[in-house]
Amino acid sequence: MPELPEVETIRRGLEPEIIGRTVTEAWSHGSAKFTPALDVAGAQFERIGRRGKYLLIGLDDGRELVVHLGMTGALHRRPTSDNLAPDPYTRARWNLDDNTTLVFRDVRRFGRLRVVPTGDYESITTLAQIGPEPLEVDFTPASLHAAMKKSSRRVKTQLLSQRPVAGVGNIYADEALWRARIYPAQRTLSRPEAERLHPAIVDVLQAGVDNGGTTLRDYRTVTGDTGDHQHHLDCYGQAGEPCPRCTAELVSRVWDARTTTFCPTCQRRR
DNA sequence: GTGATAACCTGCTCGC
DNA sequence: TGCGAGCAGGTTATCA
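Mapping to the numbering used here: the first sequence position 258 is 258, numbers consecutive.
Please keep in mind that the hints were generated in silico from the structure rather than gathered at the bench. Note that the structure is a prediction, hence the values are computed from the model and not measured. A virtual CB, placed ideally from N, CA and C, is assigned to each residue, including glycine. It is possible that some hints are incorrect.
Label pairs and their computed distance ranges (CB to CB) [to be verified]:
#, residue 1, residue 2, range
1, Ser-152, Ala-128, 21 to 27 angstroms
2, Arg-268, Gly-62, 48 to 54 angstroms
3, Ser-152, Val-251, 22 to 28 angstroms
4, Glu-136, Thr-265, 31 to 37 angstroms
Using the sequences provided together with the hints, build the complete structure.
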């Protein structure tokens, strides 16, 4: 599922492909989650940024196309003239003025599109309340510690909420908590734990970006390639395997409706 | 305001 | 072989 590294990889791949291009025609699936695609017709793509897992495509008319890839969303470009068999999982298409088409494909339809005035995210709650970017200087152990103190929910659940830090999903949350040796279900985070968790989050996300993201099933880059980070996971999805650090068996539990893999020896409940 | 949970959605896996 | 149940999970809505 696309988390920060996957979305950043897509952003980097898309940037040289679509900037400066004008949308000559737009089509969308009938669901309200995708019909905002139609509002982009006639606009020009000026820039493409990212906040957490959200792609922010700036338009030349003072608006932004906000794209969330959900679990199975992907963006790719192909020649408009391609006579390919209809793809039932295409949710939006934008024909561009260079005779290419930008395609938003999303099998499970967990993705969504919005068009908003630039920088006005009030109508997108998660984006409006999103925490600092983990790879920028305003994300610090102190900011992480302070954000975690605002809630008594489980540490991992808080990470997934996007409020303490942007862009962390199930894969990188499990990896970061494993690296920091923190029990995922504990409801408080001490300052020393924040000092460990902060670099763990930064490191796993940076490694994910460096490896082009994690492909478990659906994720593809703009060019259709798979990521490589799935070969570098220590913990996520490894239940039953030995912990790479202590060789104890990694276990899987469901908390707050999310499967979590952790090491019961390295990540002890305190 | 906060926390917990259901719903959305579809492909895949597993058991019968 | 075919069928049905359960699972995966990011975000939003709803309820307590």
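Comparing the hints with the structure gives:
Distance hint check: the CB atoms of Ser-152 and Ala-128 are about 22 angstroms apart, consistent with the given range 21 to 27 angstroms. Hint check: Arg-268 to Gly-62, Cβ distance near 52 angstroms, so the stated range 48 to 54 angstroms holds. Distance hint check: the CB atoms of Ser-152 and Val-251 are about 24 angstroms apart, consistent with the given range 22 to 28 angstroms. The hinted window of 31 to 37 angstroms between Glu-136 and Thr-265 holds, with their beta carbons roughly 34 angstroms apart.
Hint compliance for this structure: every hint is met.
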